[in-house]
Amino acid sequence: MPIEFTLNRQPVTAPDAKAEMPLLWFLREDLRLKGTKFGCGIGQCGACTVLSNGSAIRSCVMRVADAKGLSIVTIEGLAGDERHLHPVQQAWIETDVPQCGYCQGGQILAAVALLERSPNPTDTDIDAAMTNLCRCGSYVRIRKAVKAAALRTKTSQRSLRS
Amino acid sequence: MRAPSIAPPLDRRTFLKASASAAGALLISIPLPPRSSLAARTVEASPSWCVYLTLHPDNSAELMSPVMEMGQFMRTTGPMILADEMDLDWSRVTLTRDEPVRMIRDDKGEVTYQYGQANAGGSQTVRNNWDYMRRAGATVRRMLIEEAADRWQVPADTLITRDSFVMDQAGTRRISYGELAGKAAQRRVTPEQVELKQRSDYRIMGKDAGVADIRDIVMGRPLFGIDEDYPNALQAVIERAPALNAEIAGYNKNAALAVPGVRQLIELPRKVEDHWPGGDAQVLAAGIAVLADSLWAAMQGRKALAARWKNAATDDSTLQLQQFHRLVQSNDTAEKLVDDGDVDAAFATADLVLDHTYEKPLFAHACMEPYNCIADIRSDGATIVTGHQVPHWVAREVESITGLDALKVKVISKRMGGGFGRRAELDYLREAVTLSHRIKRPVKVTWTREDEIQRDFFDAAAVMRVRAALKNKRIVGWHHRQAQTRGWPEARDYFPAKVVSNYRVERFPPTSNIPCGPWRAPTQLQWAFATESMLDELAHAAGEDPLAFRLQWLQPYQEHPIENWAARSIHSGRMAACYEAAARLADWKRPRPKGTGLGIGGHFTFGTYAACVLEVSVSDNDELKILRAWGAIDCGFAINPNHIRAQMEGGFIDGLNAALFNAVHVSEGRVVNDNFGKLRWMRLREAPLSIEVEIIDSGYAPTGVGEPPVPPAGAALANAIFAACGKRVRRMPIADSFKI
Numbered sequence: 000m001p002i003e004f005t006l007n008r009q010p011v012t013a014p015d016a017k018a019e020m021p022l023l024w025f026l027r028e029d030l031r032l033k034g035t036k037f038g039c040g041i042g043q044c045g046a047c048t049v050l051s052n053g054s055a056i057r058s059c060v061m062r063v064a065d066a067k068g069l070s071i072v073t074i075e076g077l078a079g080d081e082r083h084l085h086p087v088q089q090a091w092i093e094t095d096v097p098q099c100g101y102c103q104g105g106q107i108l109a110a111v112a113l114l115e116r117s118p119n120p121t122d123t124d125i126d127a128a129m130t131n132l133c134r135c136g137s138y139v140r141i142r143k144a145v146k147a148a149a150l151r152t153k154t155s156q157r158s159l160r161s
Numbered sequence: 000m001r002a003p004s005i006a007p008p009l010d011r012r013t014f015l016k017a018s019a020s021a022a023g024a025l026l027i028s029i030p031l032p033p034r035s036s037l038a039a040r041t042v043e044a045s046p047s048w049c050v051y052l053t054l055h056p057d058n059s060a061e062l063m064s065p066v067m068e069m070g071q072f073m074r075t076t077g078p079m080i081l082a083d084e085m086d087l088d089w090s091r092v093t094l095t096r097d098e099p100v101r102m103i104r105d106d107k108g109e110v111t112y113q114y115g116q117a118n119a120g121g122s123q124t125v126r127n128n129w130d131y132m133r134r135a136g137a138t139v140r141r142m143l144i145e146e147a148a149d150r151w152q153v154p155a156d157t158l159i160t161r162d163s164f165v166m167d168q169a170g171t172r173r174i175s176y177g178e179l180a181g182k183a184a185q186r187r188v189t190p191e192q193v194e195l196k197q198r199s200d201y202r203i204m205g206k207d208a209g210v211a212d213i214r215d216i217v218m219g220r221p222l223f224g225i226d227e228d229y230p231n232a233l234q235a236v237i238e239r240a241p242a243l244n245a246e247i248a249g250y251n252k253n254a255a256l257a258v259p260g261v262r263q264l265i266e267l268p269r270k271v272e273d274h275w276p277g278g279d280a281q282v283l284a285a286g287i288a289v290l291a292d293s294l295w296a297a298m299q300g301r302k303a304l305a306a307r308w309k310n311a312a313t314d315d316s317t318l319q320l321q322q323f324h325r326l327v328q329s330n331d332t333a334e335k336l337v338d339d340g341d342v343d344a345a346f347a348t349a350d351l352v353l354d355h356t357y358e359k360p361l362f363a364h365a366c367m368e369p370y371n372c373i374a375d376i377r378s379d380g381a382t383i384v385t386g387h388q389v390p391h392w393v394a395r396e397v398e399s400i401t402g403l404d405a406l407k408v409k410v411i412s413k414r415m416g417g418g419f420g421r422r423a424e425l426d427y428l429r430e431a432v433t434l435s436h437r438i439k440r441p442v443k444v445t446w447t448r449e450d451e452i453q454r455d456f457f458d459a460a461a462v463m464r465v466r467a468a469l470k471n472k473r474i475v476g477w478h479h480r481q482a483q484t485r486g487w488p489e490a491r492d493y494f495p496a497k498v499v500s501n502y503r504v505e506r507f508p509p510t511s512n513i514p515c516g517p518w519r520a521p522t523q524l525q526w527a528f529a530t531e532s533m534l535d536e537l538a539h540a541a542g543e544d545p546l547a548f549r550l551q552w553l554q555p556y557q558e559h560p561i562e563n564w565a566a567r568s569i570h571s572g573r574m575a576a577c578y579e580a581a582a583r584l585a586d587w588k589r590p591r592p593k594g595t596g597l598g599i600g601g602h603f604t605f606g607t608y609a610a611c612v613l614e615v616s617v618s619d620n621d622e623l624k625i626l627r628a629w630g631a632i633d634c635g636f637a638i639n640p641n642h643i644r645a646q647m648e649g650g651f652i653d654g655l656n657a658a659l660f661n662a663v664h665v666s667e668g669r670v671v672n673d674n675f676g677k678l679r680w681m682r683l684r685e686a687p688l689s690i691e692v693e694i695i696d697s698g699y700a701p702t703g704v705g706e707p708p709v710p711p712a713g714a715a716l717a718n719a720i721f722a723a724c725g726k727r728v729r730r731m732p733i734a735d736s737f738k739i
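Going down the list, the sequences are from chains W and H. Take the first sequence: its position 38, counted from the start at 1, is 37 in numbering that gives the first Met the number 0, and no numbers get skipped. Take the second sequence: its position 614, counted from the start at 1, is 613 in numbering that gives the first Met the number 0, and no numbers get skipped.
Simulated from the structure, these hints should not be mistaken for lab results. Hints are supplied without guarantee of correctness; some may be wrong.
For the chain H half of the interface with chain W, some residues (derived, Cβ under 7 Å), not all of them [said to hold, decoys possible]:
hint, residue
1, 70
2, 217
3, 219
4, 221
5, 294
6, 367
7, 417
8, 420
9, 674
Chain W regions said to be covered by chain H (calculated; three or more residues, Cβ under 8 Å) [as the list claims (entries may be wrong)]:
hint, stretch
10, 33 to 41
11, 78 to 85
12, 114 to 127
Note that the Cβ used here is the ideal one computed from N, Cα and C, for glycine as well.
Given the sequences, and given the hints that come with them, work out the whole structure.
Laid out in structure tokens, this is it:
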């Protein structure tokens, strides 16, 4: 039975032969979506983070079979288009977070998931949710950017209501 | 549409040369000024400098830094220098990438860069290229002015430039660079006509600029070597001997070939050669390459190999550290690297002698992007797509493996997901080149995290015994005695050299087979850990404040000449100013609550001075929490303050991670902790909540910032722990002694 799920708001079907393959490699190799990164292959570093029904998960330890029926969003699918970046992406640019940049797609998605759950995260919330490794040590700016994104989201919601 | 601005001049005496690059960009190269005028400031100067520059008719500009990005920000900093001297409108500059690296042979037939110093390492890219970038920009600006002067029939010296326009001084008429570019590129400009800007006239440098490619990064576009596809390439992974110097004993060939998509297996021999630092080392492990249609298939084939190995290695990192302790405590004769003044007399007449030993394990690199390389070796040339810190070595190595002319190797340098010195090694390149050469087809080699840690060239493990003599609360003698897996300290070029007149450094020749290599400020974190911990211990023993003790110790403030490949002098006053500034930011004198303490550490390297103050708390049951950090750096003129601050933040965190967690264990020649989880790495919750940075403007020319912020962090942490709870930690990883 082919495995059906939603990827970046589009329906996707994976052949049954791919059932045991980690989602990471299905995305990178079969769909040529290279924004989801390989870092450790054992769910430790978070470079491969994607959103699964809004939660941040590590796609290197999720089988394609387990994606069945889920809505998966990768970093490529976070923004509607180039001119409409997600507030977290905007905050990342404004705070100038990246150094080498390799882990940042995963960091951004982890932050998106956090802000969905906790729109006004405390430092403790950020500590608990932002567990992805950044080898360059951009953590101080990641923390700042998460807070800036929270503020942006609040402001944009307020302006939508008014 | 590109400006039709390209016309190579024929006159060899012409100062500026312009020609079309493969992609149609205007390529400008400027010969090296006479060496004598630069020798004092520029070591390893390149023969010439090149910038990739296109001026478009709509007055936008494209620039490319020939030095590739690995998180050190050169893709922003390099173009800033050029753009400022050109008086470009920075908001209309696009930063391009992926041009092949241009190479030639020098007089001795060695392969080198045609137009500049494209290496990324040793914190040298800014320092090496500062003069060339500025001259290139100023030359282009002069060409544009001359062209405008000709059109308006006015003397060139009456014209000025601003934001990509040439204008007259009254501002009554102006003309865009884009309009002028085509004709301007055919002009000749002599060195005498080229005038560099005064610092007060900089409009781009000295201001914050952001990360090149940041939109692509946040949108997840492919930028890195690992993201690259190549037509007709087979994907390869390699099962390498897990233990040092092991050989293949056997493997299940049929099972691997039975995996769908697996095409071929190729055995790769191990290779031993002279390797920095410290002589012969295994630079390539014996391995079995699995080549397949997809990376996933290759990985499954690798598992199916169930390879067996003949392993005789006995290297054990724990036993080696124990041996180093015995050596430094023994009376055995060691090699003297420095022996200034009369050390024995200084100790004989001291009021107080402290004698402490500091330990440091093997550090892994763990670049976030696992190593990868695409090699397409053909009979008439080759293409290599990879992220490498030293692109001309890539071409040279292809020549050495395949016999192809290095100048027929097209090297496409990709953005690197971290380098830290590890991407200056050749192993992942050699594997891809060897395989593609063998099967006459493009091959992409990809490493896993386990491959990367098992086959690392570590920052050396070391034990350092430091004896220091105090008389009248002044340091009168210093004796550093060290044993390490590989290498040696550059003891003459770091403090306490020059400041302590009776100064001896000894090391024991290495006996370990464990390969070591450059690691972001190689072996310097350990040096600063031992030196700056001892300074702290001396201050406390003398009843002095650790900051005041350091400032007193560094006097009289003066600049001492040194002979280091990357620096010409060391200045005690510049170091002192960093300590003072970091302490001022931290509000050093303000008493902290019980269990909370501040520690300070500093280091000079590669021409740059950095100091760090760290605040930590330690509970009664040894729970350690890192609270905040403050830093100061003197890297000469600050070209891009934003990214200097970013390097300080990231460098401190890298140093803290190294001191707390980064410890690779080797048993029977094999790495025991070969992935994250087993090798702990700092996460956001363990990092400082904030890091505040002051950049000190000392008026010197700019120097690098990639490495200097790393070494102070370990000592600042140990010193802060002591201030918080009175426990002195002299052994890394510090997380072995405290709960975090």
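Status of the hints after comparison with the structure:
1. 70: 3 Å, holds
2. 217: 4 Å, holds
3. 219: 2 Å, holds
4. 221: 4 Å, holds
5. 294: Holds. Min distance 6 Å.
6. 367: Hint on residue 367/H: holds, closest Cβ of chain W at ~4 Å, below 7 Å.
7. 417: 5 Å, holds
8. 420: Residue 420/H check fails; min Cβ-Cβ to chain W is 13 Å, beyond 7 Å.
9. 674: 6 Å, holds
10. 33 to 41: holds (count 9)
11. 78 to 85: holds (count 3)
12. 114 to 127: Contact hint for the stretch 114 to 127 of chain W vs chain H: holds, 4 residues under 8 Å.
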